[in-house]
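Protein sequence lines, in the order shown, are assigned to chains L and A.
Note that the numbering used here has the first sequence beginning at -7, numbered continuously upward.
Note that the numbering used here has the second sequence beginning at 217, numbered continuously upward.
Do not rely on the hints blindly, as some may be mistaken.
[What the hints assert, rightly or not] Which stretches of chain L does chain A cover? Using the computed rule of at least three CB atoms under 8 Å from a CB of chain A, they are:
#1 73 to 87
#2 145 to 151
[To be verified] Here are a few chain A residues that face chain L, going by a calculated C-beta distance under 7 Å:
#3 L234
#4 N266
#5 I284
#6 H302
#7 V344
#8 S383
Calculated from the structure, these hints are not laboratory results.
Here the structure is a predicted model, which means the values were calculated and not measured.
Positions of the beta carbon are idealized from the N, C-alpha and C atoms, including for glycine.
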Amino acid sequence: MIDKTVPSLEVAVQGLEDGMVVMVGGFGDSGTPHELLNAVLGRGCKDLTIVSNNAGDGDRGIAALILHHRVRKVICSFPTTAHNYAVREAVERGEVELELRPQGTLAECIRAGGAGLGGVLTPTGLGTELAEGKPVIELDGRQYLVERPLRADFALVRGWRADRWGNVVYRYAQQNFNPLMAMAARCTVVQVDHVHEVGEIDPMQVHTPGIFVDRVVRVEREVRA
Amino acid sequence: MSRGWSETEIARRVLADLWEGAYVNLGIGMPLRLNELLTPEMGIILHSENGILGMGPAPPPDRRDDDIVDAGKAHVTLIPGASVFHSADSFAMLRGGHLDVAVLGAYQVSMRGDLANWKRPGQRLAGVGGAADISVGARRVWVMMRHLTRDGEPRLVRECTFPLTASRVVKRVYTDMAVIEVTEHGFRLLETAPGYTAAEVAAATGAPLALPEGVGG
């Protein structure tokens, strides 16, 4: 009987060790697994490489990991959110290495990683400093940048509903990078608001099929005042 | 008396060139002025890079939903007919040439249509976000910006001195002084804002400006 639910956030991030590559879903606060990130912080892992669209804002989530000196490298598209002092100061100190990829390239490289592809050919970034150090190839008379796929040891994903087999449904624009990252990691952990028995989720509604998911943990949705 | 177009008037001028059924992406900053002018009857469908097609205006404070935000992470709404999707699909819409128009802000635009809008020279930490994919992929890239910098320097230039977001992509530029088209041969004046002559616009433009018939000096 497959049951991927785990009883706690601590169990959900077991096996996440120093030096690992960790993908973190979300766009700003939307679809960001803040509670799983807190559990990673509590676990004490360091030298992490974080793959995420943003690089943390304020003192929560990825920013908290950076402020506690747990992050060695960030691969992202947009580290310049309004309150990004954590990543900005860590990069200035030379503590955190930053690798910038255009948002669409980042998404597609993660998808390619999950899909077993050797890379992505994209026109995005050609003729700009975003192309520096990257191979350019010509196919059928058009030029493309070759971008390498991204894979991770862990993916921290936030969904809305999941069943015990790990089938996940996302809420509105919570999807963003989450379904892509779920495919691209050796261990995918999903935090959801609701856990369902197998059969309760309509197969036509499933966004992330359970084959991509290793662990499901239920976290009460925080109610904002 | 002030001359030229206000930001809202520039937005209104851009809106006049859009059409019912157009799929449009609005960049952060001045282009968001368009969102304030749109009504459902116009039938313009807004795309947001984080995975929304059919984005509506900001909700009242008591109707905010943290899972319905725009590219600037501000709360928005979904109009009837809206859809949501993941980031790879969102950028497939952009890069794949499905989006009709992207209206973007910019630091500089060159006479070849090069776009510089993500990073200042020497800026150490900069974020490109979706700007590079959007400007490479949209069928039409229109820029909305002030004609001159705060120091009075032209933003329409021969060569961008700011780092490029994409090369040879901008088709049209809407400023407080004029509407300018980017052609194979460089900038071409389409229209001047009230109070400006073509000669004044040309003098404020850092590259040759072709004047079409009927736009007087």
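Each hint tested on the structure:
1. Residues of the stretch 73 to 87 of chain L with a Cβ under 8 Å from some Cβ of chain A number 6, which satisfies the need for three, so the listed coverage holds.
2. Look at the stretch 145 to 151 of chain L against chain A: 0 of its residues bring a Cβ nearer than 8 Å to a Cβ of that chain, fewer than three, so the hint is violated.
3. A least Cβ separation of about 23 Å between L234 (chain A) and chain L goes past the 7 Å threshold, and the interface hint is therefore violated.
4. Interface hint status for N266 (chain A): upheld, as the beta-carbon distance to the closest one in chain L is roughly 4 Å, under 7 Å.
5. Annotation: I284 (chain A) was flagged as interfacial toward chain L, and the flag holds, the nearest CB pair being 5 Å apart, inside 7 Å.
6. Using the Cβ-Cβ criterion of 7 Å, the hint placing H302 (chain A) at the interface with chain L is satisfied: the shortest such distance is roughly 4 Å.
7. A cut of 7 Å between beta carbons decides the hint on V344 (chain A): the least distance to chain L is about 5 Å, and the hint holds.
8. For the restraint placing S383 (chain A) at the interface with chain L, the shortest Cβ-Cβ distance is roughly 4 Å, inside the 7 Å limit, so the hint holds.
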